[in-house]
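Asks: What follows is each chain in one-letter form.
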Amino acid sequence: MSTVIETAVVKPAPVSTPFRQFVSRFAESRAALAGLVIFVTILILAIAAPLIAPTDPYDLTKVDIIDNRLPPGSQSLDGTTYWLGTDGLGRDMVSAMLYGIRISLFVAVSSGVVALLIGMVLGLSAAYFGGIVDTLIMRLVDLKLGFPSVLLALLLLAALGKGVDKIIIAIVVVQWATYARVVRAGALVERSKEYVDAAQGLALGHMRVLFRHLLPNALPPLIVVGTVQIANAIALESTLSFLGLGLPPTEPSLGLLIANGFDYMLSGKYWISIYPGIVLLVTILSINLMGDQVRDVLNPRLQK
Amino acid sequence: MTVFVIRRMLQSILVVFAVTIIVFLSINVIGNPVDILIDAECDQACRTRAMLTLGLDLPLHEQYLTFLWNLLHGNLGDSFLNKIPAVDLILARLPASIELAFSALAIALLVGVPCGMWAGLKPNSISGRLVMGGSIVGFSLPTFWSGLVLIFVFAVQLDWLPSMGRGETVTVFGTRFSIFTLDGLSHLVLPAVTLALFHTALIMRLTRAGMRETILQDYVKFAHAKGLSAKRVLFVHVLRNMMIPVVTMLGLEFGGLVAFGIVTETIFAWPGMGKLLIDSIGVLDRPVIVAYVMLIVVMFIIINLVVDILYSVLDPRVRLQSAGR
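Chains as they are written, first to last, in the working numbering: chain A, 1 to 304; chain B, 1 to 325.
Watch out, some of these pointers could steer you wrong.
[As the list claims (entries may be wrong)] Sample of chain A residues at the chain B side, in silico, Cβ under 10 Å:
{"no.": "1", "residue": "Phe19"}
{"no.": "2", "residue": "Asp142"}
{"no.": "3", "residue": "Val150"}
{"no.": "4", "residue": "Gly163"}
{"no.": "5", "residue": "Ile274"}
{"no.": "6", "residue": "Ile284"}
{"no.": "7", "residue": "Asp292"}
Source of the hints: derived by calculation from the structure; they are not laboratory data. Remember, it's a predicted structure, so these values are computed and weren't measured experimentally. Virtual Cβ for every residue (Gly too), placed ideally from N, Cα, C.
All chains, please: the whole structure from these sequences, using the hints.
Replies: Take a look at the structure:
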């Protein structure tokens with residue numbers, strides 16, 4: 001927000017740029033702003049996890065198995081308070097969750113970025129070159145989109161095995177097609193406009209027309225899809241980890257923490273599953289709140 | 001029209017063929033199932049014998065051709081574990097999955113459409129905002145976690161509903177159903193609600209978005225201006241056009257129901273196809289995994305084909321577009 005005000009002071013003349021319009025319309029929704037604040041907070045917590053976590057849940061010398069399954073608020077023998085209890089191995093839930101968010105977000109964001117890049121290049125190429133390139137790429141996209149994400153990722157992971165890299169590959173395979181389709185649709189509309197003809201008339205290279213001229217104009221729908229896809233990636237990763245097909249036990253994401261608590265839940269020890277689940281829900285929710293407002297703002301049919 | 005249908009069918013067959021290759025190759029990367037199926041004391045000779053009986057000693061492409069040949073004859077191999085045909089094993093679990101999926105779909109439609117319409121009509125009212133807020137939460141809830149919370153609240157704490165299995169079933173037309181017995185119904189409630197949550201939220205959002213866009217259209221204004229009653233405009237003119245995206249999504253959501261059905265069935269130990277798949281992945285029972293995937297792919301392709309053909313019948317623009325491509 002502050003950058004917007006500063007630029008307004010420096011250059012008072014252009015009253016409304018598309019970007020500033022976007023920001024002010026985004027800020028109209030309090031829910032979206034709340035989503036932004038919550039998401040940024042979670043992001044900071046995840047990045048700073050090693051600094052703020054009360055204990056290091058992976059340091060086996062600090063984890064005491066005697067402290068396992070303590071309810072929230074209990075104290076260990078040496079006087080540490082476990083505000084949200086401990087899990088089946090005696091790890092402090094607060095620390096385990098902070099590290100869990102870190103892993104969940106890392107997997108979701110990195111796979112999202114890779115999928116976005118792959119989808120963007122393929123979608124742009126399909127729209128720009130047309131013909132056989134378009135047919136090939138789009139048939140592949142249709143093939144992928146005709147298959148449910150969870151199922152595809154599940155089978156992929158069954159074949160690949162466990163691991164952070166494996167789950168990133170699986171999410172990329174699941175998500176690239178959506179980006180490709182959205183970029184292609186946007187680029188197709190833009191391609192028929194005169195500025196693209198003009199750029200081509202100037203004999204600019206394919207790459208330059210694609211990335212400097214077409215891409216920036218095809219970007220808005222990509223923002224909407226991107227936010228939703230990150231939320232999907234988080235949910236997908238946690239679902240797969242819960243089913244025991246995602247991350248290895250040495251790198252517990254939120255989904256894996258929930259899975260670990262499932263057995264204890266039936267005996268009433270709710271905190272091991274419930275708290276990571278709430279964090280997971282709040283994270284996904286905050287992204288969806290932002291995505292919702294972005295979509296409304298960018299939807300031309302709802303323009304006032 | 002005929003050309004369109006024939007071309008779509010040819011495409012579908014090609015896709016099935018491509019999927020057989022992908023599935024077969026990826027399943028073969030998992031590992032050697034012999035190591036899991038034979039007991040630890042088995043020596044090299046008995047290991048070889050096991051591989052021979054299972055046909056695992058042949059080169060990969062021969063295994064694939066055998067697989068393809070058998071596939072054409074509707075034979076997807078016997079389950080390594082249960083020694084009965086994989087297809088039979090899956091089909092035996094199909095009714096349970098279908099029962100769960102349709103119950104969830106019914107809940108989602110009955111709750112989602114009215115709520116979405118209301119929220120679309122009154123986007124700024126408190127109830128409209130509540131519906132939207134609720135739908136975002138429902139949309140964000142990971143299926144497995146909402147299942148866990150429902151189990152914790154209704155099965156563990158309150159002890160109102162059971163959380164495992166199908167309960168008592170009755171046989172109707174040769175198929176077992178849970179829904180017709182009180183015990184079975186009580187077993188069905190939690191998994192069906194869990195599976196329905198996401199879809200309810202999705203239908204609500206689609207209905208609301210369709211509603212908001214449709215009521216701004218000129219023909220709706222015209223219908224009002226013509227002096228038609230608000231009820232008639234809403235239920236005849238608006239509803240029909242608004243339902244197009246919802247109906248499209250129902251076709252696509254079949255996939256979601258199958259996929260999240262796997263998660264729901266695993267949590268609630270519901271003896272459907274999804275639970276069978278997860279169990280089979282756990283023990284590398286390849287024929288069952290392959291048969292499951294092939295059945296699902298064929299189902300998907302048939303549904304997509306039917307939706308496409310229906311579309312071209314209902315909306316000539318689709319047909320023209322694909323002919324022009």
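Asks: For the restraint on aspartate 292 of chain A, tell me whether the closest CB of chain B is nearer than 10 Å.
Replies: holds, 7 Å
Asks: Would the hint on aspartate 142 of chain A stand, with a C-beta cut-off of 10 Å toward chain B?
Replies: holds, 8 Å
Asks: Any CB of chain B closer than 10 Å to the CB of isoleucine 284 of chain A?
Replies: Check passed: Cβ of isoleucine 284 of chain A comes within 4 Å of chain B, closer than 10 Å.
Asks: Does glycine 163 of chain A meet its interface restraint, that is, does its C-beta lie within less than 10 Å of any C-beta in chain B?
Replies: violated, 14 Å
Asks: With a cut-off of 10 Å on the beta carbons, see whether valine 150 of chain A makes it to chain B.
Replies: OK, holds: valine 150 of chain A within 10 Å of chain B, min 4 Å.
Asks: So, isoleucine 274 of chain A near chain B? Judge it on the closest CB pair being under 10 Å.
Replies: holds, 7 Å
Asks: So, as I understand it, the hint says phenylalanine 19 of chain A touches chain B; can you test that by seeing if any CB pair is closer than 10 Å?
Replies: Violated, because the Cβ-Cβ distance from phenylalanine 19 of chain A to chain B comes to roughly 25 Å (cut-off 10 Å).
When each numbered hint is compared with the structure, violations occur for hints 1, 4.
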